[in-house]
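Asks: Protein chains in written order, with my numbering: chain A, 1 to 266; chain B, 1 to 266; chain C, 1 to 266; chain D, 1 to 266.
No lab work stands behind these hints: they were computed from the structure. Treat the hints loosely; a few may be bogus.
Same chains, same names: a pair is fine if it fits in one copy or spans any two.
Here are the simulated lysine-lysine pairs, DSBU-like style, with alpha carbons at most 35 Å apart [unchecked claim]: (1) Lys45 to Lys194; (2) Lys8 to Lys45; (3) Lys261 to Lys17; (4) Lys51 to Lys192; (5) Lys88 to Lys134; (6) Lys128 to Lys76; (7) Lys261 to Lys128; (8) Lys88 to Lys194; (9) Lys8 to Lys76.
Number of protein chains: 4
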Amino acid sequence: MKNLLVDKNSGDNIQVKVRDVIIGAQEKTIISGPCSVESLDTMMKIGRELKALGVHILRGGAFKPRTSPYDFQGLKDDGLRILSTVGKEMNLPIVTEVMDARDIEDVLKYADMLQIGSRNMYNYTLLKEVGKTKAPILLKRGLSATISEWLYAAEYIMAAGNENVVLCERGIRTFESYTRNTLDLNSVAVAKQKYRIPVIVDPSHGTGLRELVSTMSVASIAAGADGLMIESHISPDNSVSDARQTVSMETLGRIMDTVRKLETVL
Amino acid sequence: MKNLLVDKNSGDNIQVKVRDVIIGAQEKTIISGPCSVESLDTMMKIGRELKALGVHILRGGAFKPRTSPYDFQGLKDDGLRILSTVGKEMNLPIVTEVMDARDIEDVLKYADMLQIGSRNMYNYTLLKEVGKTKAPILLKRGLSATISEWLYAAEYIMAAGNENVVLCERGIRTFESYTRNTLDLNSVAVAKQKYRIPVIVDPSHGTGLRELVSTMSVASIAAGADGLMIESHISPDNSVSDARQTVSMETLGRIMDTVRKLETVL
Amino acid sequence: MKNLLVDKNSGDNIQVKVRDVIIGAQEKTIISGPCSVESLDTMMKIGRELKALGVHILRGGAFKPRTSPYDFQGLKDDGLRILSTVGKEMNLPIVTEVMDARDIEDVLKYADMLQIGSRNMYNYTLLKEVGKTKAPILLKRGLSATISEWLYAAEYIMAAGNENVVLCERGIRTFESYTRNTLDLNSVAVAKQKYRIPVIVDPSHGTGLRELVSTMSVASIAAGADGLMIESHISPDNSVSDARQTVSMETLGRIMDTVRKLETVL
Amino acid sequence: MKNLLVDKNSGDNIQVKVRDVIIGAQEKTIISGPCSVESLDTMMKIGRELKALGVHILRGGAFKPRTSPYDFQGLKDDGLRILSTVGKEMNLPIVTEVMDARDIEDVLKYADMLQIGSRNMYNYTLLKEVGKTKAPILLKRGLSATISEWLYAAEYIMAAGNENVVLCERGIRTFESYTRNTLDLNSVAVAKQKYRIPVIVDPSHGTGLRELVSTMSVASIAAGADGLMIESHISPDNSVSDARQTVSMETLGRIMDTVRKLETVL
């Protein structure tokens with residue numbers, strides 16, 4: 001891995017601008033929202049709470065990659081419209097997943113940042129296509145991608161012309177079954193020390209257990225992460241998907257308080 | 001996992017027809033050819049040898065998913081034309097990988113069977129799109145896909161209307177580093193015993209070491225596989241990609257002899 | 001890994017003699033019996049059936065390594081006496097696990113071959129001590145031991161003076177949860193091709209599912225294994241431990257028939 | 001896993017006393033020293049520096065479990081004597097590994113705390129024997145032990161009568177090869193939240209790369225660890241073993257400063 005665009009020596013540390021939010025700057029970026037967009041009403045309530053807490057970017061899944069073709073696949077275009085409405089109302093930038101290269105243009109009408117999900121980290125077609133836009137990209141690590149494959153995935157996007165890439169560590173697949181995934185904070189330390197790209201951590205998928213999210217959020221920031229993406233809901237137990245790993249607004253608030261205290265020490 | 005199209009009780013065992021070749025019938029199907037299509041001349045020589053050995057389907061990569069964006073990405077359309085020319089000359093059906101939903105129609109002008117590679121097993125967009133065709137699909141297992149995720153990926157294709165799906169076990173990612181992957185023949189036994197879908201094995205990727213391909217081919221057939229996909233070349237050491245796991249025509253011939261002997265016993 | 005006693009070039013292929021049974025010779029060795037020794041009566045019935053089927057070595061656990069200290073830990077000395085009684089009555093050699101270096105002398109009063117279990121593969125104290133005896137050793141692969149660590153474990157025994165070592169592949173720990181372990185037949189091909197040590201396969205632990213044992217037994221022999229170790233019981237569902245992976249005498253008989261047919265082909 | 005001695009509801013949180021040091025109390029415990037004991041002179045210099053930094057417990061390997069029987073196996077009894085001499089001189093408690101149940105009594109003449117290494121986590125013989133002493137035990141997680149197997153290993157010691165057990169997370173074996181192991185801080189969060197046993201983290205083995213030790217030390221404390229075990233040396237590059245993951249005294253000092261700052265925030 002020599003002479004890559006992602007290398008420290010190929011330029012300054014990358015900062016990615018999502019509307020007014022800068023990822024990779026001193027302040028840690030908090031991205032939050034429900035796993036799936038469910039309805040305008042619920043989303044508006046969630047957005048209002050997140051805005052009040054000082055969350056920087058609103059997330060929500062409109063297109064959902066699901067293991068079974070018979071599971072809920074997301075509200076799709078309706079979900080995008082809901083996200084966009086709430087984002088405008090609350091003056092919050094929006095990040096949402098795109099799964100199909102043919103949808104990029106449409107999704108960008110509503111969203112400010114595109115997420116490439118874990119299952120699509122090796123989808124080089126999709127990586128090249130988002131590389132042709134100038135949109136900020138949130139690139140999740142593949143389920144069992146090595147650190148070096150993940151950095152090469154970022155390189156696919158950057159080599160296509162788009163340097164606005166943020167990595168997202170979300171846990172890897174191991175033999176351990178107590179937690180949904182094994183959150184690999186070594187990867188954050190490696191990426192931050194040796195490469196010039198911002199890294200955020202998703203402790204929701206990284207643990208799969210809401211009671212661990214708070215602790216692992218703090219550990220992620222301590223490992224050098226530039227921010228967090230946390231699944232939250234006004235009524236976590238009633239989330240349409242990923243309920244077991246979704247935190248309440250109260251928990252999210254406490255996490256943000258601790259992160260802010262930590263920022264002053266590190 | 002109840003009431004899936006892939007379940008034994010949802011219909012007869014599936015047999016997939018690729019021109020005159022039937023995968024899932026009594027005779028084991030041998031698919032072979034180089035990792036990448038390199039030139040018309042080399043491909044024609046390879047095709048002639050494979051035809052003489054009795055290989056059933058010719059494989060060759062035209063679109064290559066590579067970890068680095070700077071590695072050789074395949075001859076693309078030129079590769080497809082070469083494959084098609086050789087296939088016609090030798091009267092051999094062609095299987096080749098498709099990576100982009102927008103390429104399906106074009107690739108089907110040249111190929112008889114579409115391969116979904118390991119990196120795209122979770123690319124549900126692509127699965128749904130090949131599900132809209134009637135083309136035979138060779139669905140490789142993802143690098144770290146569970147057996148159940150792999151069966152659900154097949155279900156995505158079948159639920160979209162295309163039952164012509166063949167699974168391909170190609171080794172999974174584990175801690176072991178002596179071999180490139182850990183060939184999981186348990187998965188073949190499970191799929192054959194409990195589901196109605198044909199399964200072939202790729203011992204080339206499943207070991208990464210050409211000296212193990214012969215032994216693991218025999219083991220795969222013994223585990224119940226309906227066929228094999230083996231990377232071969234007239235000059236293995238000069239293969240543009242995957243040289244370390246590519247066998248010679250002589251080795252391939254010996255493998256096919258042993259497989260035939262085994263068929264009479266099992 | 002150069003100049004090891006286990007290397008091909010350091011001597012002839014090793015054959016390990018367990019009373020009259022030679023492991024590593026042309027005939028495949030079948031080791032069978034229940035997971036745990038339960039009672040003299042049951043063990044005698046099992047021994048009689050196994051003898052009639054032509055099984056070569058009788059296995060049974062007297063000292064059982066269990067994840068929980070509160071689970072059944074085996075009949076210990078009583079178990080050894082039962083095993084020995086049945087072995088003498090049926091004229092069958094006995095293999096059983098030893099977990100404590102201080103027990104070796106005692107266990108060898110009853111058993112003909114010592115098993116080092118997966119959990120003790122890295123227990124170098126125990127390896128060195130069994131290396132000081134001349135007893136045949138069955139060395140199971142650790143839960144997540146690499147092939148090279150496993151060969152080095154054999155080397156610990158051999159370097160201490162005992163060359164009578166047989167490797168036993170029993171599946172490795174991976175992300176896959178459908179099967180109890182992932183049976184790694186690549187490891188058998190590697191060990192047989194590159195080292196001079198016999199290898200047998202345990203498809204019972206390698207799958208964890210009795211309905212897969214038959215198929216994976218055949219695949220193991222096809223991969224070059226010198227024999228099989230299969231958990232069997234006269235009443236599998238009533239086994240005190242590992243019932244889910246224990247086969248009946250009828251199944252064992254069919255497996256042995258197929259193995260014999262396979263021997264003539266390969 | 002119900003009604004275990006390790007459960008929260010079976011008693012107060014455990015605090016383990018190693019001479020005057022209390023692990024599991026408010027102050028974080030720092031254990032440090034070289035991978036192997038090399039000589040009295042070097043060890044004395046290291047001990048002096050560690051004492052000056054405020055390290056609480058001195059570590060050093062006298063009995064070394066090594067993959068190859070031909071690698072350096074430690075200074076054994078001489079190593080123990082050196083450790084003990086330095087410990088007395090510097091008034092520092094000593095922790096060192098014991099590999100053989102027959103050595104426990106001897107090792108306890110020199111050491112204040114016994115380490116059970118990763119390779120022996122499933123060595124139930126050894127666990128039961130250290131359980132018969134009252135000595136503080138540092139129980140490292142097995143290379144690929146699940147969290148629940150690790151807790152059961154602690155339970156083996158506790159059920160034998162010794163409650164003075166401290167868990168040590170040291171990274172697990174995964175497919176990732178950039179780092180030596182994948183440090184699993186989820187496991188720390190689980191153990192601290194749901195069980196009553198102290199947990200320390202070994203970021204040296206958990207990363208295998210000295211440049212990551214500092215960052216991952218901080219992350220470990222943030223994840224709730226009660227302390228750290230860090231390999232250090234006065235001349236890291238000249239360490240007899242594990243040089244690549246050994247830090248200098250300067251680095252160790254900086255880590256301890258940051259940990260102290262963190263303690264005040266969390």
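Asks: Now look at each hint and say whether the structure bears it out.
Replies: Comparing the hints with the structure gives:
1. In this assembly of identical chains, Lys45 and Lys194 lie within 35 Å of each other by CA distance solely across copies; the values are 33 Å between and 41 Å within a copy.
2. In this assembly of identical chains, Lys8 and Lys45 lie within 35 Å of each other by CA distance neither inside one copy nor across copies; the values are 42 Å within and 37 Å between.
3. With identical chains, the CA atoms of Lys261 and Lys17 are at most 35 Å apart both within one copy (24 Å) and between copies (32 Å).
4. Both within a single protomer and between protomers do Lys51 and Lys192 lie at most 35 Å apart by alpha-carbon distance, with minima of 28 Å and 32 Å respectively.
5. Taking the shortest Cα distances, Lys88 and Lys134 sit within 35 Å of each other inside one copy (21 Å), while across copies they are farther apart (44 Å).
6. Both within a single protomer and between protomers do Lys128 and Lys76 lie at most 35 Å apart by alpha-carbon distance, with minima of 22 Å and 16 Å respectively.
7. Neither within a single protomer nor between protomers do Lys261 and Lys128 lie at most 35 Å apart by alpha-carbon distance, with minima of 39 Å and 44 Å respectively.
8. In the homo-oligomer, the alpha carbons of Lys88 and Lys194 never lie at most 35 Å apart, since the shortest distance is 37 Å inside one protomer and 42 Å across protomers.
9. For the identical chains of this complex, Lys8 and Lys76 are inter-copy neighbours only, at 33 Å across copies versus 38 Å inside a copy, given an alpha-carbon limit of 35 Å.
In this structure, the hints that do not hold are numbers 2, 7 and 8, in rising order.
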